[in-house]
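Number of protein chains: 2
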Amino acid sequence: MAETALQLDSRDNVLVALQPLAAGTGVRFGAASTSVTEDIPAKHKMALEDLAPGDVIRMYGMVVGEVTQPIPRGGLVSTRNVRHRAEAYSATRQPVSFTLPDAAPWTERTFMGYRRADGQVGTRNYWLVLPLVFCENRNVERMKEALEEELGYGSEGNSYRQHVRKLLQQKKAANSATASAKETSAARVFPNVDGIRFLTHQGGCGGTRQDAQALCGLLAGYIHHPNVAGATVLSLGCQNAEIRMLMDELRARDPQMTKPVLVFDQQKSGRDSTLMGSALDATFAALEEANSATRSAAPLSALTVGLKCGGSDGFSGISANPALGYLSDLLVQLGSKTLLSEFPELHGVEQELINRCVTDEVAQRFYDLMHAYSARAKAVHSGFDMNPSPGNIQDGLITDAIKSAGAARKGGVSPVRDVIDFPQYATTPGLNLLCTPGNDVECVTAQSGAGANLVLFTTGLGTPTGNPVAPVVKISTNSQLADRMADIIDFDAGGIITGEKTIAECASELLEFCIGVANGERLTKAEQLGQYDFIPWKRGVSL
Amino acid sequence: MAETALQLDSRDNVLVALQPLAAGTGVRFGAASTSVTEDIPAKHKMALEDLAPGDVIRMYGMVVGEVTQPIPRGGLVSTRNVRHRAEAYSATRQPVSFTLPDAAPWTERTFMGYRRADGQVGTRNYWLVLPLVFCENRNVERMKEALEEELGYGSEGNSYRQHVRKLLQQKKAANSATASAKETSAARVFPNVDGIRFLTHQGGCGGTRQDAQALCGLLAGYIHHPNVAGATVLSLGCQNAEIRMLMDELRARDPQMTKPVLVFDQQKSGRDSTLMGSALDATFAALEEANSATRSAAPLSALTVGLKCGGSDGFSGISANPALGYLSDLLVQLGSKTLLSEFPELHGVEQELINRCVTDEVAQRFYDLMHAYSARAKAVHSGFDMNPSPGNIQDGLITDAIKSAGAARKGGVSPVRDVIDFPQYATTPGLNLLCTPGNDVECVTAQSGAGANLVLFTTGLGTPTGNPVAPVVKISTNSQLADRMADIIDFDAGGIITGEKTIAECASELLEFCIGVANGERLTKAEQLGQYDFIPWKRGVSL
Ligand SMILES: [Ca+2]
Ligand SMILES: [Ca+2]
Ligand SMILES: [Ca+2]
Ligand SMILES: [Ca+2]
Ligand SMILES: [Ca+2]
Chain A
1 MAETALQLDS RDNVLVALQP LAAGTGVRFG AASTSVTEDI PAKHKMALED
51 LAPGDVIRMY GMVVGEVTQP IPRGGLVSTR NVRHRAEAYS ATRQPVSFTL
101 PDAAPWTERT FMGYRRADGQ VGTRNYWLVL PLVFCENRNV ERMKEALEEE
151 LGYGSEGNSY RQHVRKLLQQ KKAANSATAS AKETSAARVF PNVDGIRFLT
201 HQGGCGGTRQ DAQALCGLLA GYIHHPNVAG ATVLSLGCQN AEIRMLMDEL
251 RARDPQMTKP VLVFDQQKSG RDSTLMGSAL DATFAALEEA NSATRSAAPL
301 SALTVGLKCG GSDGFSGISA NPALGYLSDL LVQLGSKTLL SEFPELHGVE
351 QELINRCVTD EVAQRFYDLM HAYSARAKAV HSGFDMNPSP GNIQDGLITD
401 AIKSAGAARK GGVSPVRDVI DFPQYATTPG LNLLCTPGND VECVTAQSGA
451 GANLVLFTTG LGTPTGNPVA PVVKISTNSQ LADRMADIID FDAGGIITGE
501 KTIAECASEL LEFCIGVANG ERLTKAEQLG QYDFIPWKRG VSL
Chain B
1 MAETALQLDS RDNVLVALQP LAAGTGVRFG AASTSVTEDI PAKHKMALED
51 LAPGDVIRMY GMVVGEVTQP IPRGGLVSTR NVRHRAEAYS ATRQPVSFTL
101 PDAAPWTERT FMGYRRADGQ VGTRNYWLVL PLVFCENRNV ERMKEALEEE
151 LGYGSEGNSY RQHVRKLLQQ KKAANSATAS AKETSAARVF PNVDGIRFLT
201 HQGGCGGTRQ DAQALCGLLA GYIHHPNVAG ATVLSLGCQN AEIRMLMDEL
251 RARDPQMTKP VLVFDQQKSG RDSTLMGSAL DATFAALEEA NSATRSAAPL
301 SALTVGLKCG GSDGFSGISA NPALGYLSDL LVQLGSKTLL SEFPELHGVE
351 QELINRCVTD EVAQRFYDLM HAYSARAKAV HSGFDMNPSP GNIQDGLITD
401 AIKSAGAARK GGVSPVRDVI DFPQYATTPG LNLLCTPGND VECVTAQSGA
451 GANLVLFTTG LGTPTGNPVA PVVKISTNSQ LADRMADIID FDAGGIITGE
501 KTIAECASEL LEFCIGVANG ERLTKAEQLG QYDFIPWKRG VSL
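Protein sequence lines, in the order shown, are assigned to chains A and B. For what it's worth, our numbering labels the leading residue of the first sequence as 1, then goes sequentially. For what it's worth, our numbering labels the leading residue of the second sequence as 1, then goes sequentially.
Just chain A, with the same shape it has in the complex (with noise of 0.2 Å):
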């Protein structure tokens, strides 16, 4: 008989339920069993002592969790008798002991790729078009209704213009009102670039000149980026996100400056059209040189992976985040560069990330990137314990320490090389930790332009995220999610759940798919779906 509840660590005062547990009847676990005193929904916790006031709430052997009211042996673990703790940590390292797993049968393989004169390897070919300050979002817009359908990057596939379009014959059938219209579609002009990429965003004034400093440390990732062969940039004149500051920081990450970058102002240009004009004729020309590129045969080490999970419940700690820190232990062994982010929810596994950097160095600077953010949060009434949203409280994350405790497993258990901060491009083999929001958006942009070529994203409610340069992989926690959702996950780690599958089965038959994506024979849903997020992430305030 399988088991209907897990304890994650034999420290653990707790269980998590694998199904619902219905009052009165028993739960086996390991190779142990009790008996169930209260009704708990599948994802939730369950005590498996006597627990009073004060006490901790353990699970993956940490604490994660003070006792509030009185819970009996039995009973279901909520936000009504449980409060948010985690331990105390130091800057201080303590030795640690690790296994990875065997990465041969890896290491020979490899992906096909679009070599760039800076030696990176992309696996797509796209071109930018991005605004140095929000006021040019409209013409990045117009620049994309323009360029997309008629070079044949349009939304066919894609479109509910049909469905209204079938409105509109039976309002026609009711009375007398008509209206037509007729969808077209151009072929391909380029097909070696895989797409015309659009970014807007909300800065570069009106802000702090840090923010803008920050922004345009992002856009020139974004430039750098494997992916990218080169990009369009609108400037209106007057902004604090300045052309020069653009430049500086392209040069920081690139000293070769070996991209195209065409750059237009609107101040200077004076009307509209001719801004426009230009742009579009430079755009143009420069396409046809983009299409050039090539596919190639590169090493996984060229992979830089992004981990991210959102919209996270009570299995991503059990099934897909465990996966993805499988597969982000194989990777870092082959050169490949992993990014762990969100930093919120990794408030409560400090010490084991401390203890897991390479030097004291790489510490000290987590030690002090999780001071000075859980600080800014407090200053604002805030703090990292506000994290979950409602949705993961609903689906058992009731503290932000059980979350994290969770979600920090999609680092593995590999040493930590690098802790690189928002905006910094990732430049370490190995495991980095990437300084950003858990806010899934603003992570996965802010791990794109650190330069991930991929990302994993794993959801146990289901959240559409994508990218607008680096394919986004979604990983469902469990198979009702995959199921309920075809249309935006990918990959279904739930097999773990059922205890169909193993967690290294899971994940070598994740990272196969991850492969045909890098190739490009296989596009994400997030992709199909023309999902293409980009939120830079702004520390400071409005001005």
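Don't read these hints as lab results, they were simulated from the structure. Careful: at least some of the hints might be erroneous.
Because identical chains share one entry, a pair is satisfied inside a single copy or across any pair of copies.
Said to hold, decoys possible - Think about it this way: if two alpha-carbon atoms lie no more than 25 Å apart in a straight line, the pair counts; the simulated SDA-like pairs of lysine to any residue are: (1) LYS172 to ARG73; (2) LYS144 to GLY270; (3) LYS268 to THR79; (4) LYS144 to PRO41; (5) LYS525 to GLY152; (6) LYS268 to HIS163; (7) LYS172 to SER78; (8) LYS268 to PRO429; (9) LYS144 to THR200; (10) LYS525 to SER278; (11) LYS172 to ALA293; (12) LYS144 to HIS163; (13) LYS378 to ASN291; (14) LYS378 to GLN267; (15) LYS525 to MET276; (16) LYS171 to SER278; (17) LYS166 to ARG271; (18) LYS268 to ASP487; (19) LYS166 to VAL413; (20) LYS166 to GLY119; (21) LYS259 to LEU167; (22) LYS378 to ARG539; (23) LYS172 to ALA286; (24) LYS172 to MET276; (25) LYS166 to GLY270; (26) LYS378 to PRO95; (27) LYS378 to GLY154; (28) LYS144 to ALA486.
Use these hints to put chain B with the ligands onto chain A, whose structure you have.
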């Protein structure tokens, strides 16, 4: 002979150059004259006396800077020799005297507007489609793609597809590649619906609870806005900004809940196509109903007017902003509401505004909001003095206090009837202070969310800002700009600089122009360009 420089107040120790002043020439101001010892670019300031480090710079009779390097009489005031300084202020009101312009010619005037069930009157009739969280942006954009072209709200007049098509034809002539596409456009199916406006934003989750609440307040303000007939709302499901939070905020603004609000939840819908199909069907039916609205005559008291400056130059505080102030002084006498915002740009004129507040309580509220905002900027190592942008500085607004002294003139001389904080809705007739950043789009977004059914936006450098629900009239501070960027400027106040027009004449013409816009007879340049900027002010942190 016309003046070539202006002494704005008899207490001022600097002149504003109305045109470039060459070293060695003389300059006339009022009845006086003096000699120029250094080239002074137009819009910049010249010292009227020898100034030593520590001396204060006075403009509009107010302290706007402190001298850091000696400046000889006739020399240029610049960031090299002057830094920001502003006068201290207290919450205690001092008596003020003021003279209002004669509003009698306008008392019987009306505009043709849409009367809503709640008594408000719209200048436009829109249907709104908006997401509760950024995860739904893509679905909102797909609804836009499906509805706009099919229902006749497309971009033909404003599209660059034809431009790209020409480039393709040239390419075709050069080699054998081919592509073709035909643009089609539908007649407007619902002629009394002026548009469907699709909002996207970057909030609703991954941040503080306070920001989720503020976002719901802002979105409720947009739904409650007199230009809006009703709304379609997309929810993911697990986000912080829950459906009930939006509904509570809407009820607080409109206790009778008079407008149709259609809500769809993706996680409850399962397939993306189920969500999209239901949302489109219901929206289509609601548009039929919204189409029954018609315009009728309404008094000018039904106007709520946002006062805004952006991309400001050294003439903003001399021409367009005083014209707006005059107009505001007319409107408040007619019972309209006017909104002065951009609090970082009121730094330096706090005492003047406090003195004008109608009660101690209103004054204290303004004092408290300015203090809290300033403290928050300092906490992230910034400050109100960082507000001027590179473009502002280059065009003569070298300190925040100089910028503020000119910016505050948009509010005229009328009493301050109320002080409200973002995202509150304005309900008090007369001049209101609404706490927002100077950030152009965040400010206009907030003014519209406070009920502005018209926004007047002055600019010296040229900026394309528009809003999804409020028409934004853009007023140039100088005629060169009106000519050079004719496609984004609606009204030229430059005649005040050349001496062709008085402030009163300019304000009267502008009010006449605004009535045409309110009637819907006249579309603003932003409406013609489809410039619908929307950025909710986020005060907290990402988590
Ligand atoms: Ca997460
Ligand atoms: Ca999340
Ligand atoms: Ca957008
Ligand atoms: Ca301003
Ligand atoms: Ca500005």
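Structure-inconsistent hints, enumerated in ascending order: Failing hints, ascending: 1, 4, 7, 8, 13, 14, 19, 20, 26, 27.
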